[in-house]
Amino acid sequence: MALDRKIAYINLTTGDIKVKPIPIEVRKKFLGGRGLDAYLLLNHTEQGCDPIGPDNALIVSGGILTATCASATARTHVMAKSPLTGLLGSCNMGGFFAPEMAWAGFHHLVIKGKAKKPVYIYIHNGEIEIRDAANLWGKTVTDTQWAIREELDDEEVKSLVIGPAGENLVAFANVMTGIKNAGGRTGMGCVLGSKNLKAIACRGTMDIKIAHPVEALEYNKRFIDQITGAKVSQTQGTLGTPFIWGATNSWGGVRTENFRYNQLEYADDIEPERIDEIATETMGPYHMAGCYGCQVHCRAQYKIPSGKYKGKYDEGPEYTSQGAFGGEVGCRSAETVLAGNHLVDQFGMDNLETGSMIAWAMEMYEEGIITPEQTDGIDLRFGNDEAVLEMIERICYRKGWLGDVLAKGGIPASEDVGKNSFDYLIQVKGMANLHSDERATPGLALNIATSSRGSDHLRSRPAIDLYHLPEKVLRKIYSTPVPYDGPLSSEHTEYIGKPWQVFWQENCYMAVDSLGICKYHTTFLGATLPNFEDWPTVLYYNTGLEFTPEEIWQIARRNNMLERLFNLREGLTRNDPKKGDVLNHRYHDEPCKRGAIDVIGRYIDKEKFDVMVDEFYEHKGLDKNGIPKKKTLIELGLENEPSHML
Amino acid sequence: MESNGKVLLINHEKCTGCRLCEQVCAVKHDGISNPTRSRIRVMKWEMEGLYIPMSCQQCQDAPCLTGCPVGAIARNETMNRVEVDYDICIGCRTCVSVCPFGAMNYNVIDRKVAKCDLCDGEPQCVRFCEVKAVEYVDGGDVSIEKKRHAALRLSMASKQAAALDEHAV
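These protein sequence lines are chains A and B, in that order. With our numbering, letter number 497 in the first sequence gets 497, and the count goes up by one each step, no holes. Going from the second sequence to our numbering is simple: count from 1 and add 1000.
Since the hints were derived computationally from the structure, they do not count as laboratory data. One or more of the hints may lead you astray.
Computed list of lysine-lysine pairs in DSBU-like fashion (alpha-carbon distance at most 35 Å, straight line) [what the hints assert, rightly or not]:
#1 B:K1014 / A:K312
#2 A:K476 / A:K117
#3 A:K310 / B:K1014
#4 B:K1146 / A:K312
Being a predicted model, the structure only gives us computed values, none of them experimental.
All chains, please: the whole structure from these sequences, using the hints.
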């Protein structure tokens, strides 16, 4: 059964390992995955703990449905206090790791302490070993994984690893599995590095009994047909996520040259069709790859076609790499996007944060705030492809003054650079925004400002807001599973109704993250994909547990509130420019200079924005300062946290 | 039942490596999600982007059948498959060692060999594989598509050779 997967507590200082079952009442309250991670983080860390100290808890998990007969349950979640933001650290990735961990007997790991020397954890059919990683230290992401397989003499081992960036404590180092599946955000790789933990390797052959296998199989087929039948899934399965960058760039929704513009002109070489052409030329007509059990297969395989890294194999690039090593840094070369993507994949570094940091430094350089002496003579002007690739390496190895400064992450870097450099930093809660520009879309702006892990599109983005769906359709989506009769608008430039949409999406994404399902299988990019109404059936057929859609909604609210409680404990206050639910002033002060007629000239009206935040807080059950009301905590059963149930 | 001439056809180039076939195979046969139990397995060389689903070829002159010391393996002509009679099988795993494709499974949980039975004519791996890396086709047509592709390649190669000749000095 999925429900008999266990939780392990591993102390790297003492070598102590404890294994416990996960009680049903815990499942009913939090499901699993990200939601239960949030509970564990709140319960296993003390207020103000050092993110790179031994007391930080690193939590690794799969969802309650991981590796069952439900579609796309490949997701691995990693949580800890973030070294980048000092608030919630949280990342979610595809691939094959969490399913392997489930077959090895575990759904959750809580790792504390710090090993005296580099180690890795090996989990095999219910057993956990801490092994020496001296030979792995210094290796890249893929070399580490293959070396582990060689050492264990098993090609089926799946590992979650850090690259050199994690070892060097780059604040936005990520954790990775496979070629490019990255738990990118909030520097979870840095936490592994700080614990001298190079990798977690899993191999499992333990049964996961399906509660109602015949029905689960048939429902899975229905689910998959619903997903692959959607046009958006088909496009993703052909062009991958780059299609999103192409579409939003043509409209004027991507930030370029840090934040100067909102569209990259003359971008033919990095358009999705060109990226697809390169994948076809180098890997053949069938070059799409999928994560475990997923029929959307949204990542391409490619080889770098030319230049210094010619012939190197990688996967992707995701639209985030087009943004990070294209638009944001003002570059227009596919070679740079593909090489940049390859470098961060090998170094184990978040592409979004890396690209953003370089773009920010470039604007500082052009403004004269960063000097040529500080760059060691690198001409850090926008559009300098070579400089971008050089800086990626310098950040990973903390080379030169600027490489070392940028590796600290946005806010500490701005303190080192000084002057008014903070004003140029496109961040929320210390985490850089992805490459998108939300000035024409107040709903999306509210999403990044209030997201639990800092500026981010994967926590509450009402992406379907851009489709101009008829209000009737919108209302049907956003009134399930709980009624909503407040205002709603199909107009993406509007402010009304957006707080509810963001609130609804926040719960929707928390639900999938707790189930262990990919967001491409719910109401994220496709308005017709499964959500609250469908999940109880999947849960019942696979685990035997019965929930109503309303109960799942309530669990999602509860889990989101746990993240809020953690952030509040660690210093989140509503209007703090470094730790609050606010946008960089440029969103309010600089109108969009480019783009379509409904984009150009747009900016976020500060007063209306504040009203949206008020309303969003109201939906969540928070007071005007963003602190949960007593009755909300009682309603969600969180009045006694931390409650140490697990 | 009429003789069924259909065979499992694997085109590994189309495989995205998602391993859904493994999941549904194990759930269909054992009601359990566990790739170890799957009759089809995807072999991977990740750094080359190479994913190859491997399953029983239902060989005409099957080494597992020939090698079985107790005669537990037989050919079912109606289903066009090779099958194991578990009442006779002694679990010696000779079939596992002689299969040239590694398609005869053995799982230590049940201590039983297992192989593809084509789901009695409705292979779930095929049903769920949206990219059609695994298909269930008429045996007579198995090579026709390959012939067509090979012919095209030959024709293009000869055209290219002719073009090179023309431009040769």
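inquiry  = Tell me if the straight-line CA distance from K1014 of chain B to K312 of chain A falls inside 35 Å.
reply    = 22 Å, holds
task = For the pair supplied as a hint, K1146 of chain B and K312 of chain A, confirm whether the alpha-carbon distance does not exceed 35 Å.
result = 30 Å, holds
ask   = Is it true that the CA of K476 of chain A sits at most 35 Å from the CA of K117 of chain A?
value = Cα-Cα ~55 Å, so violated.
request  = Take the C-alpha atoms of K310 of chain A and K1014 of chain B, compute the straight-line distance between them, and say whether it is at most 35 Å.
outcome  = Answer holds: K310 of chain A to K1014 of chain B is near 25 Å, not above 35 Å.
The structure fails hint 2 only (numbered hints given earlier).
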